[in-house]
Amino acid sequence: MTEKDLPALSIADLQSLLRRKEVSAREVINALQERIEAVDGEIGAYLSLDVDTAIKEAEEADLDLPLGGVPLAIKDIINVMDQPCTCGSKILQGYRATYDAAVIRRLRAAGAIPFGKTNLDEFAMGSSTENSAVKVTRNPWDLSRVPGGSSGGSAAAVAADAAFGALGSDTGGSIRQPAALSGVVGFKPTYGRVSRFGLVAFASSLDQIGPLTKTVRDAALIMNAIAGHDPQDSTSLNERVPDYAAKLGKDLRGIRLGVPKEYMIERTDSQVKAAINTAVKQMNSLGAEIVDVSLSHTDYAVAVYYILATAEASANLARFDGVRYGYRAENARDMLDLYGRTREEGFGAEVKRRIILGTYVLSSGYYDAYYLRAQKVRELIRQDFAKVFDKVDALISPTSPVPAFKLGERAADPLQMYLADIFTIAANLAGICGISLPCGFADMEGHRLPIGLQLLGKPLDEARIFQIAHAYEQSTDWHKARPPIVNAAPKA
Amino acid sequence: MAGAADLDVAYVARLARINLSKEEAKAFQKQLGDVLNYVEKLRQADVSHVEAAAHALPIFNVFREDEPRDWFTAEEALSNAPRKTNDLFIVPKVVE
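Protein sequence lines correspond, in order, to chains X and P.
Residues 536 to 1027 (our numbering) are what the first sequence spells out, left to right.
Residues 952 to 1047 (our numbering) are what the second sequence spells out, left to right.
These aren't lab readings, by the way, just hints derived from the structure by calculation.
Remember, predicted model here, so these are calculated numbers, not experimental data.
Even for Gly, the Cβ is constructed at its ideal location relative to N, Cα and C.
Treat the hints with care, since some could be wrong.
Claimed, not checked - Calculated lysine-lysine pairs in the DSS-like style (CA-CA distance at most 27 Å, straight line):
| no. | chain 1 | residue 1 | chain 2 | residue 2 |
| --- | --- | --- | --- | --- |
| 1 | X | 796 | X | 911 |
| 2 | P | 977 | X | 808 |
| 3 | X | 1015 | X | 816 |
| 4 | P | 992 | X | 625 |
| 5 | X | 941 | P | 1044 |
| 6 | X | 922 | X | 796 |
| 7 | P | 1035 | X | 911 |
To be verified - Computed far set for chain P versus chain X, every beta-carbon distance over 10 Å:
| no. | residue |
| --- | --- |
| 8 | 975 |
| 9 | 1015 |
| 10 | 1017 |
| 11 | 1037 |
As the list claims (entries may be wrong) - Here chain X is said to cover these stretches of chain P; the calculated rule only asks that three of the stretch's residues, wherever they fall, bring their Cβ under 8 Å from a Cβ of chain X:
| no. | segment |
| --- | --- |
| 12 | 995–1002 |
| 13 | 1018–1030 |
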């Protein structure tokens, strides 16, 4: 193995090499930096790198720790001490984090090295990463297409072997959907499983941090490091964290998998449908029993989400006022002028749209009609899942109704963009866990585009989701495929 | 449920403390009108026997001891301030 080949490794394989001292943590950082220089000019996954600090940390890395010496990319909405945290927004230009998010503290304690920040839709609001005010991120499988979003930079970096693994955040599908469109694994933990302390808040009742990786095992390893109770997040669950890697390798005998009929809809792309049907058969041949189920309130999920998420965002983003950090409009006449112009000039169009919608649904006279009603329908959606999980261990569906779409194709119509999240949003509303993993390819205009399979699990049943996902993954070769840009990268 | 016609983007933007250009207000009026028309479908859901859910977890009233702990120094807290003097954030004059 030469240094040039290192970035292709999974975290688990990288650790074996590090522990056998066949490669040093410093060589790993160097190899990763070279790969980023080779491919990221075209892809645009990273917003900032902190290689000098990473090298220092690599030289002191304790390789016996669970993630000792493993460099990880971090979505630029999670605070990493002394690094920028732009949230993909002009309003946080120049900001440098003065503390580590809880997940970063945990990753460091496990020996991992956060070395770079990845692009995203501004404040995680979007499904294509096109809403970033900083730069465009392209899908490594077809550079004319989006990587998905909002954790598009993290997904694209992992897909292009420009990161061993990454953290993202998932409010309505922002880990799973870009994982599907970019051909990697993306995991959304149960709400409350991972501390949100230090994650810049978008919609606090929906946001969860989770990993994007090349394999299911790698996602489980990162979850082992970041899951657990944190007194600094009042919604953090005080529950025991099992070893998520422990059940990997078990087959699917005795597992009951539900196929929700509301997730196998007409307007899903035919190649996506075919891939999911094949995957369901594969699960069945691995021993899983397949059961048809119904989640009858599914059709309301997108509507509920865009009321609740925007309402919460309108409150959370009130803090960006030009006073304490970030961008400030010049020559303000008074405070109202300072607020109004700072937010006009600092926020992009999608963020403004959502703040305005969220303000409206919370405003006097409209609160009951929109916000309160949406909260009640949210409860119906949660009950749908609770009832179904009495009958099955997990649910299986497409992650996205379509493979990666073209840059610019949906940007002009916010509602069409919102519908890209139709299969992922309900899991956030219900607070359950889920994963997306590669399950095939669609042929589109001469390009192979990844297709993602979604598994949804009961609250706190992450270990079983990893078990099922791993069994499927290991029975296929999808996770071994790499985009053309990786194969074209110069080798020594 | 109130309809999309009730939305006055210029007024709500003032509530949200966001100045908008005329063009932006006009575009948002149409786009958010589409979203509000879409969410009309929630009217069809029977919620007569449902309690509202603030979030998906059955946890309430999380308390902690009210004890001092180390946190930012004034210097750290001010390190990202657009304008500062004498350990204070500087803003435009509020009272004439």
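Right, here's what the structure says about each hint:
no.: 1; hint: 796/X with 911/X; verdict: holds, 23 Å
no.: 2; hint: 977/P with 808/X; verdict: violated, 39 Å
no.: 3; hint: 1015/X with 816/X; verdict: holds, 21 Å
no.: 4; hint: 992/P with 625/X; verdict: violated, 35 Å
no.: 5; hint: 941/X with 1044/P; verdict: violated, 48 Å
no.: 6; hint: 922/X with 796/X; verdict: holds, 15 Å
no.: 7; hint: 1035/P with 911/X; verdict: violated, 45 Å
no.: 8; hint: 975; verdict: violated, 7 Å
no.: 9; hint: 1015; verdict: violated, 6 Å
no.: 10; hint: 1017; verdict: holds, 13 Å
no.: 11; hint: 1037; verdict: holds, 16 Å
no.: 12; hint: 995–1002; verdict: holds (count 4)
no.: 13; hint: 1018–1030; verdict: holds (count 4)
Hints 2, 4, 5, 7, 8 and 9, counting from the list given before, are not met by this structure.
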